[in-house]
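One-letter residues, chain by chain:
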Amino acid sequence: MSRDTSYQAVMARKNEIMKMSMGLDYDVYKTGELAFDYEKMMDDCGFTLEDVIRIQAETKVGNTPIYELKNLTNAVRKTCKPGKGARIFVKDEAANASGSFKARRASISAYVAQQKGYKGMVAASSGNYGAAVASQAAQRGLRCIVVQEIYDSNKIGQPEIVEKARKCEAFGAEVIRLTVGPELFYYNLMVLEETGYFNASLYTPFGIKGVESLGYELVHQIREKTGKDPDAVMITQAGGGNLTGTARGMLAANCNAKVVACSVDLSGLHMASDHDFNRKSFTTGHTGFGVPFAVWPDRADVPRNAARSLRYMDDYILVRQGEVFYVTELLSKLEGMERGPAGNTSLTGAVTLAREMDEDQIIVVQETEYTGAGKHHNSQLSFARQMGIEVRRGDPTEGVNGKSIVIPEHLIQVTGHKQDMQKLRMSYLKNACKHVDPSKWTDVDKAFVAADCKRDLPWLEESLSKLKAEN
Amino acid sequence: MVKAGTWVEIEKVLLTPEQRAPQVPEDTKKVPYVMRVSGFLQKDAELNSEVTVKTLSGRIVDGTLVLVRPHYEHSFGDTVEELLTIGLGGEI
Ligand SMILES: Cc1ncc(COP(=O)(O)O)c(C=O)c1O
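Residue numbers (the working numbering), protein chains in the order written: chain A, -14 to 456; chain B, 4 to 95.
Bound conformation, chain A alone (with noise of 0.2 Å):
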């Protein structure tokens, strides 16, 4: 029987192929018209963080050191006031088998595939995840397959992507090349029902559960190292699984430390752009996932998303291009580290924070990833000029993403810009009203969408006649 491949047929037999793909039930946990028991669902998964670490070291991921950067620390406190400027520390996540925080992502899924009997995992990402999930596959003697947005219309690769694109082959994986668009999702589908393989999403329990040893480990590492826990930890943001699942950790650690979460400003350019695809220099950790994500989770590829960001966030911090390719350089110069863009996206955040924070206070960057050719923001810059961007050293607020890319002469100049949290969470706000008129909301969803946005229930009573009086 051959089936029809029309992207609305695909689309509508979207839910018959995920049960398949995951044997996950979403149903089940549903309370209310926009609430779901999420800690069930996350403790469904069946998993304690002892069998998550335990699971993890079977293959290579997890226990990565924890370094504290002191001349970077140091050239942070020349330019701000005294007693001033946080103690930065890292943990070097590069260090996990496929060289990001992502093995600790795919590593579960990969057990749980092995386990059911699935023959292979698919993965659909550009990104560190889908080298993360091949990687994890090997180990666990699964095939594997990676669907990849790589090319434009004028089959020009993104540098970093092809780069991921070879080092999911080093592992063994098929990668399906596909030029730009959302129907990335409709192709997944259909690689998913022919293969009869586990589907690997981002954003399953399993996922998330597998980066709470993250959150988890580096308190227990700072508390080691300082006698103290941190005060402040610095998240890359995209999907927001990063975020939830370091968050989740460090609360199983019992440590309340600033969650903050830190992205790329690409404002201005559409994520699904055939023209803009190849003008931004950074493929993630940016607003174009970071924000949407943050303030209404369930648009993955799961019926409900285990990674919601704006639950665990106290601060968002948004970082130019520019600056960061600065402070990636300073971290080869000073700390004599090679890095990729990812964890150095955060560090710039925290090189912001660190000058508003007391000198005996501590920050952590909680990831590094691998960098090399095609991820150095070398082959970056010299593909963004090569798209007929302009890049020079100048004042990093100059820089007009898609035209310019304007890197700091001088530390100062890096500095970042916060989002305003409360702006955040009225637009997570106004997405659930959308999904759902308040009017039918019950008692179980408004707990949820408070929870869903940090808040507490006067605080959403508050913000629900604001925007009321806004119509």
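Keep in mind that the hints were calculated from the coordinates and are not lab data.
There's no promise every hint is true.
Unchecked claim - Far from chain B by the CB rule (all over 10 Å, computed), these chain A residues:
#1 ALA42
#2 CYS129
#3 PRO144
#4 LEU236
#5 PRO423
As the list claims (entries may be wrong) - Restricting the straight-line Cα-Cα distance to at most 30 Å, the calculated cross-link-like pairs of lysine-lysine (DSSO-like) are:
#6 LYS46/B to LYS104/A
#7 LYS213/A to LYS243/A
#8 LYS66/A to LYS32/B
#9 LYS415/A to LYS32/B
#10 LYS(-1)/A to LYS6/B
#11 LYS46/B to LYS(-1)/A
#12 LYS(-1)/A to LYS408/A
#13 LYS(-1)/A to LYS57/B
#14 LYS15/A to LYS451/A
#15 LYS57/B to LYS439/A
#16 LYS104/A to LYS32/B
#17 LYS101/A to LYS33/B
#18 LYS6/B to LYS318/A
#19 LYS104/A to LYS57/B
#20 LYS453/A to LYS408/A
#21 LYS46/B to LYS425/A
#22 LYS140/A to LYS46/B
#23 LYS33/B to LYS104/A
#24 LYS388/A to LYS6/B
#25 LYS425/A to LYS408/A
#26 LYS33/B to LYS388/A
#27 LYS419/A to LYS32/B
#28 LYS4/A to LYS57/B
#29 LYS57/B to LYS101/A
#30 LYS15/B to LYS4/A
Using N, Cα and C, we set each Cβ at its ideal position, and we do this for glycine too.
Given the coordinates of chain A, work out where chain B with the ligand should sit on it, guided by the hints.
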């Protein structure tokens, strides 16, 4: 002629501009949605002809033969001089 068993790349239009998802922006809607995948060529064939390949996961996929022994050329790029002076001491 390309011999059967050669590692090649094929290309296939998955969706024509009219068949694309409704939500794609204007510039993207003007171009087809295209897939490329590598595999071992199943039968001797000419470049640019319709062929089937066996991929690394063992799938059999058809498409137009566009590349023979595809390889990677990504690099560290041309030297970006603006980076060289950062972090050497003078400016921080
Ligand atoms: C190395 C690295 N760090 C951070 C992120 C952001 O993680 P998340 O999408 O879970 O927010 C990604 C995701 O693409 C990544 O690959």
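Evaluation of the provided hints:
1. ALA42: holds, 28 Å
2. CYS129: violated, 7 Å
3. PRO144: PRO144/A not clear of chain B: closest Cβ-Cβ about 5 Å, inside 10 Å.
4. LEU236: Since the minimum Cβ distance to chain B is about 36 Å, LEU236/A lies beyond 10 Å and the statement holds.
5. PRO423: It holds; PRO423/A is separated from chain B by about 26 Å at its closest Cβ, greater than 10 Å.
6. LYS46/B to LYS104/A: holds, 27 Å
7. LYS213/A to LYS243/A: holds, 14 Å
8. LYS66/A to LYS32/B: At roughly 52 Å apart (the allowed maximum being 30 Å), LYS32/B and LYS66/A break the hint.
9. LYS415/A to LYS32/B: At roughly 29 Å apart (the allowed maximum being 30 Å), LYS32/B and LYS415/A satisfy the hint.
10. LYS(-1)/A to LYS6/B: violated, 39 Å
11. LYS46/B to LYS(-1)/A: violated, 35 Å
12. LYS(-1)/A to LYS408/A: violated, 33 Å
13. LYS(-1)/A to LYS57/B: Distance of about 27 Å is within 30 Å: holds.
14. LYS15/A to LYS451/A: holds, 28 Å
15. LYS57/B to LYS439/A: violated, 50 Å
16. LYS104/A to LYS32/B: Answer violated: LYS104/A to LYS32/B is near 36 Å, above 30 Å.
17. LYS101/A to LYS33/B: violated, 43 Å
18. LYS6/B to LYS318/A: With Cα atoms ~50 Å apart, LYS6/B and LYS318/A exceed 30 Å; violated.
19. LYS104/A to LYS57/B: holds, 17 Å
20. LYS453/A to LYS408/A: Given that 30 Å is the threshold and the Cα spacing comes to 16 Å, the pair holds.
21. LYS46/B to LYS425/A: violated, 61 Å
22. LYS140/A to LYS46/B: holds, 26 Å
23. LYS33/B to LYS104/A: violated, 38 Å
24. LYS388/A to LYS6/B: violated, 46 Å
25. LYS425/A to LYS408/A: Holds, at roughly 24 Å.
26. LYS33/B to LYS388/A: holds, 23 Å
27. LYS419/A to LYS32/B: Answer holds: LYS419/A to LYS32/B is near 27 Å, not above 30 Å.
28. LYS4/A to LYS57/B: holds, 28 Å
29. LYS57/B to LYS101/A: Holds, because 26 Å separates the two Cα atoms, which is no more than 30 Å.
30. LYS15/B to LYS4/A: Holds. LYS15/B to LYS4/A sits at ~28 Å (cutoff 30 Å).
When the structure is compared with the earlier hints, violations turn up for hints 2, 3, 8, 10, 11, 12, 15, 16, 17, 18, 21, 23 and 24 and for no others.
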